[in-house]
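Enquirer: Protein sequences appear in the order of chains A and B.
The numbering used here applies: residue 454 is where the first sequence begins, and numbers increase by one.
The numbering used here applies: residue 4 is where the second sequence begins, and numbers increase by one.
Because the hints were derived from the structure by calculation, they are not lab data.
Wrong hints could be hidden among the right ones.
[To be verified] Computed Cβ-Cβ distance ranges for the label pairs, DEER-style:
hint, chain 1, residue 1, chain 2, residue 2, range
1, A, 455, B, 261, 30 to 40 Å
2, B, 203, A, 545, 43 to 53 Å
3, B, 109, A, 506, 27 to 37 Å
4, B, 159, A, 505, 25 to 35 Å
Note that this is a predicted model, so its numbers are computed, not measured.
Note that beta-carbon positions come from the ideal geometry of N, C-alpha and C, so glycine has one too.
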Amino acid sequence: MRPEEARAEAGRCARCGFCEAVCPTYNAVRARHYGPRGRLAMALMALDGMAHDRYVVESLATCLRCRACELVCPASIRIVDVIAAARSAIYEGA
Amino acid sequence: MEDWIRALRELIVEELKRSKFPLPADRSICSKWMEGMAEGGRRILYTSCMYQLAPLIDKAVDLLRAMGASSGGARARLAAVGAKAFGRLVLRPDEERLRWAEGVLKNIAAMLKRAGVEFGVLRDEPYSGALLYELGFERDFAEYAKSVYAYFKEKGVEEVITVDPHTYHVLSQIYPKYVDGFDLKVYSYMDFVKPAGARIRGRVVVHDSCLYARYLGKYDVYRRLLDEAGVERAEDPYVTGRAYSGCCGGPIESVRPDVSAEVAKLRVQQLAKLSEVVVTECPICYVNLSKAGRGVVKVYDLAEVLA
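So here's chain B without its partners, still in its complex pose (with noise of 0.2 Å):
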């Protein structure tokens, strides 16, 4: 396992060095949503490509399961000498995958327009380095940070509106402590908009991020746009309290992906007691709890839900 997480950080390391993304993709997949939107400004949409990137991960874990990283031991070795032809590779997501990401961000421009909040977007965006952060490689994650306060500074960003909870939690809470002199605003979305309507019929339970609940202090703020939008809410403490809302297993996935399916398969066992529509705040969490609720729930995004 030591070999495979070594592996880990050098290919998240040197593909952020090449290409300020963590995964080895087409870039253009992160910008392609921002068409027609003004580029640039003091205060920017920054998507840190999380929600497009999210369709890789799926790829990326299916990958490393294929190369051995679940099982330890000599297998992790394999796969650990894998990661280097893994760098290699272009990953692609599906199109309907992508879709998808494309539609939750321009809801998300198009609830903060009818809001009357004004921003810009950059095209060539680097992804936060949220990843390094959360699998332990601070160092690395120190460094990378510096780098991409400093595009932000560049392009004279004063202000950052996020879109979800990684990326809020370490521009928020973690730059500050490892980027001297930082000094950007970050909000998420949700502290904007103010929704119309909702897009979907019936009770939903909501699945928490684990960022959002309890780090980040937003439990209550997506119920209440929930609220706003006439959803009903199907609540349990045991499943849906701030303690017990479990998380979707999603950070461990490059780690063990077969600890990560087997947490994100209870966690759909519980939210289904309460609904077969699940609605989560995260990209990581959607992807993880649609592929193990695979035919049991129906999981949206809080950005396709709200109108």
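For reference, chain A alone in the conformation it holds in the complex (with noise of 0.2 Å):
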């Protein structure tokens, strides 16, 4: 996914936050960047520009990509496709 299109495919999101109740590591933590909605947030942050604040990595470096989060989501984003560009972004440069 490009960086442009996981941008608006992230914006897309209306944080209802179902996707919390089914993701592995935010039932685990239990903190908002451990979850889709928040991983969500910390790709836009990442695609701009925001790589090296220690959430961000930390959320998107933690995504198991189980995908769990896409089947209960309602706006069937492509949450994990974002959070794999974002941390391209984060890791590549790109």
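Two chains, two frames, some hints: make the complex.
Expert: Pasting the structure below:
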């Protein structure tokens, strides 16, 4: 997913939070940046150049890519692809 | 954490360049189970060393934790320095775990033969590179994937039968995006086997691999195989449903082993509500859940259960 596409996709999140109920890391840590809607917000920050913020890196690097969130997202956001694009922005300066 | 991730990438990339194996280990563990099997051919059974690797990941994660990889901040920076020393180690799996891996692979090969599938093996098979892709090092993965594809072409391989979800996923869905002209046909052993019975009795609970269940359309396939083998399954939509069948935590073991362990612990608690016997289809799930579920559940691989 290209950065501009990822930005548009993340921007469709209505922050309903249905995704948090199924997210294994959110349930383990209970911190918002460890859940899908938090990660979408962090992905937007990474794509906008805040790649070195500690919470942004921690949030995006700990996604399991398990895709459980995508099955319950009412907006059918391609959450894992957005996170992968944001990870690339951090790791490879894409 | 960034320092640690950078160090991890360096460690994996260097090790893959050196030995086509992502961890510093004795490569003979990959091919030990292949004794007596035909070498090469147009269709191969490809393990990508995943089952043999799993016992090593277990050891590597213990070492990472000891080095402070889970704590972030200053200790993670120290751990990054430690990664260089880590790379010079040669990890050795426990004999018991290695025997488990060999048993699973031999049983897969035997079931394929019984189903009339002809195949060869490659004693110097390289690792698929799945870990690089899953951690997000896509450029490194793309470069490595091309070398693995060239290896298969050089050996005259046209069809690949995989044994685990990570290899099946990268070969069937990711390689075609990164490797020009990729034309290998990729299968899972589950596409061919016809179980005649089961090696265990009683009701089991299936722990889904995220990749098989939500990326690769196999959610019903291993359930059908268990049904055909006469194994009774306990199901609950909030534990084993397509969305609620939670991850074992394995994919972030090398990034945050503490969070990974907590995820595995929660998953074991959910599964234990349905049965004390858990069936996995992925070596990473097996290792992670076995560790977290010690004394609570007994974990089997699908290929140990089917006969």
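Enquirer: Hint by hint, which ones does this structure get wrong, listed from lowest number up?
Expert: 3 and 4
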